[in-house]
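Asks: Sequence:
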Amino acid sequence: MTNARSTPLHRTILAVDIEGSTGSTDPVKARLRAALYELLESALLAAGIDRRHHDPLIDRGDGALTLIRPVDRAPKTVLLDTVVPALGRLLAGHNARRPADRFRLRAVVHAGEVLYDGRGCFGESLDVAFRLLDDERVKRALRRSREPLVLVTSDDIYRSIIRHGYEGIDPDTYAPCVQLEVGGRTHQGWLRTTETVAAVKGRERPVMAPVISLDGYRRHA
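In our numbering, the protein residues as written are 12 to 232.
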């Protein structure tokens, strides 16, 4: 019998998923998976996050899950201002060098309590992260984007980190895009693409549809 660990452990959650991978042949999938892991580990190392700071990467078939431990060397801000941008740049470089193996990614950043048993990890925080990552509106945003990566963050990350505008993080480049129910609670997702960034640089607010703003939230319509 495998017992769940009774004490939940706090983790910062970074998960990525390859767009449209089910349409690829198995040999292509193998190459894309190898490239994904190489790029993800390189992006983490670009921020000084190595294997001492995170659990072993968890395979998701057409994606990967990174659970980062609560250490001073790996604050949540680093995921937003260094790791995800580095991953986007590395992916763009890969696609330019290997056009036959081009791929694009959806990424999610969240944080919360995670439980472990002998088969892996689980918990409501992971449910929220994967629901955001797999939401059709996030997939649609990537299809509409010209860039290799789009990022969605949870409302917890937005309210605790992004909205404060720490160095390298511009809250105006995030737009509310998703509302979903998990565990009897409504969770808002915030989307960042190059299109939302360009809209801010052009002094226009990005319009993300459908948008359902809640009282107290920044309105982007």
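I should point out that these hints are in silico values taken from the structure, not numbers from a laboratory.
Predicted, not measured: the structure shown is a model, and the values here were computed from it.
Warning: the hint list may mix true and false statements.
Stated by the list, open to error - Label-pair restraints from in silico Cβ distances: (1) Asp112 - Glu192: 32 to 42 Å; (2) Ser17 - Ser53: 30 to 40 Å; (3) Val82 - Val193: 19 to 29 Å; (4) Glu30 - Asp138: 14 to 24 Å; (5) Val193 - Gly131: 33 to 43 Å; (6) Asp128 - Asn106: 36 to 46 Å; (7) His175 - Thr197: 28 to 38 Å; (8) Thr33 - His175: 19 to 29 Å; (9) Gly194 - Arg108: 18 to 28 Å.
Even glycine gets a Cβ: it sits at the ideal position worked out from N, Cα and C.
Asks: Work down the list of hints and note, for each, if the structure agrees.
Replies: Results for each hint:
1. Asp112 - Glu192: 32 to 42 Å: holds, 37 Å
2. Ser17 - Ser53: 30 to 40 Å: This hint holds: roughly 36 Å between Cβ atoms.
3. Val82 - Val193: 19 to 29 Å: At roughly 27 Å between Cβ atoms, Val193 and Val82 fall inside 19 to 29 Å, so the hint holds.
4. Glu30 - Asp138: 14 to 24 Å: holds, 22 Å
5. Val193 - Gly131: 33 to 43 Å: violated, 19 Å
6. Asp128 - Asn106: 36 to 46 Å: holds, 38 Å
7. His175 - Thr197: 28 to 38 Å: Taking Cβ atoms as reference, His175 and Thr197 lie about 22 Å apart, which means the hint is violated.
8. Thr33 - His175: 19 to 29 Å: violated, 39 Å
9. Gly194 - Arg108: 18 to 28 Å: Hint violated: Cβ distance 43 Å, outside 18 to 28 Å.
Of the hints listed earlier, those the structure fails to meet are numbers 5, 7, 8 and 9, in rising order.
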